Each structure stands twice: as structure tokens, then as C-alpha cells.
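Chains as they are written, first to last, in the numbering used here: chain A, 439 to 552; chain B, -16 to 94.
Relax, there's no trap hidden among the hints.
Derived list of chain A stretches under chain B, where covered just means 3 residues or more per stretch with a C-beta under 8 Å from a C-beta of chain B:
{"hint": "1", "stretch": "469 to 481"}
{"hint": "2", "stretch": "485 to 498"}
{"hint": "3", "stretch": "527 to 540"}
{"hint": "4", "stretch": "543 to 552"}
Hints are computed from structural coordinates only; laboratory data are not their basis.
Source: prediction; values computed, not measured.
The beta carbon of each residue, even a glycine, is placed where N, CA and C say it ideally should be.
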Amino acid sequence: DSGVTQTPKHLITATGQRVTLRCSPRSGDLSVYWYQQSLDQGLQFLIQYYNGEERAKGNILERFSAQQFPDLHSELNLSSLELGDSALYFCASSVGGLPNNEQFFGPGTRLTVL
Amino acid sequence: GEDVEQSLFLSVREGDSSVINCTYTDSSSTYLYWYKQEPGAGLQLLTYIFSNMDMKQDQRLTVLLNKKDKHLSLRIADTQTGDSAIYFCAESPGNTGKLIFGQGTTLQVKP
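Next comes chain A alone, as it looks inside the complex (with noise of 0.2 Å):
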């Protein structure tokens, strides 16, 4: 158990929805980060967080949206679903958002848009 959780677990929903996928870092690791992995595009960064600011950025689509709250959680939303949207969705933190800060991995969340 890396101490970084995800939720939900698994989302299936339609095409054209919008959904919310959530993440809590462990416990006193103020970096977030977002990252897709699909079968097409392997794994991909989304997007950073580090204390509820944006700090690097990825091949994040228009359509996906994220956010740190003061409480360091972060949730990525992700509108006008397609079906290649389906992947798993993986959070992960760190102490800083710097490269020698191991990041901690999630579980992930499954989505699947049908």
C-alpha cells in the first residue's frame, strides 16, 4: 500500500459525460500528479500539482481539467467523454515536486466510456 488513494476504483460511463476522478496524496506530501496509461499511448503525464498550484503540464486535453484543494486532494475532471478516454487513470504524490522526490503511486482508476 503506497499511502495514495483513488476513487472510485472502476467507472464505466457514455460518451459525451462528464466525470470526477479523485486522489488523497499521503499524508504530508504536498505534490500531485496525474498520468494516463491506454493501450494506444502507453503512459502518459497529465498534469502536476505542488500546494494547490499548477506546475507542469503534459498532453493534458482541453477537455480534461484538474485541481489541488487546500486540503492537498486532488481531483481530475475529464468532460465530453470519448470512447479513446478509456484507460486507467493513476495519481501519484511526493514530498516536493522535484525529481530526486520519489513519487508514490495510486492504485489507479479504471474508466471505461462505452
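With chain A fixed as given, assemble chain B onto it according to the hints.
Frame of chain A, contents of chain B only:
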């Protein structure tokens, strides 16, 4: 650019050594990492190497880094069936901590 390449599959016999190779493109990465993903699980950091090192050994794991060729390898000695998993090489360009992953190498260990 940011790109990491790995071979997709490796099959070895239990007790043999496994070597998984990776190439990366961004020379600004100060750390390079190896992660392990077991079926149905998240990723777990196995080991990492600082970019000014050539080699790092950690029990059964040996990481070799050729910075000139931007080539990284992970050697697992005395491979066990429990080592069967997907292994990801990753770089962290810049100073934000974001990870750029390779496609992952599936390691199959036959008894």
C-alpha cells in the same frame, strides 16, 4: 524532445539474468528511473540513478547508464518468477518531477 524507448518483451528462465534496455532523448534529465508494474497494480519505484553516475547496484538490481549514448539498462540477477511484471524506464526532464515513461517491457520468467 522528450521520448523514451524500450523493447516490448523479454522472456528468461528462472535463475538467469534479465537485462532490460532503454534509450532516452532529454539530456537535461538529472535522474533516470526504473518502475515495476505487477498485474492490476500501480507502479512501484524499483531504483533510480543520478545522471552523473555510470552504475548503481541495489541487491539483485544493477543499473548501467551510458550518458553519451543516452542508454540505460536494468539487470536483474537470479531472476525469479515473482519478477514477472512490466518494467518501465522513465526520465524526468527539467526540475518539475514529471515522469516521461517508455512503453514498458513485459518480463516473462519461465520456471
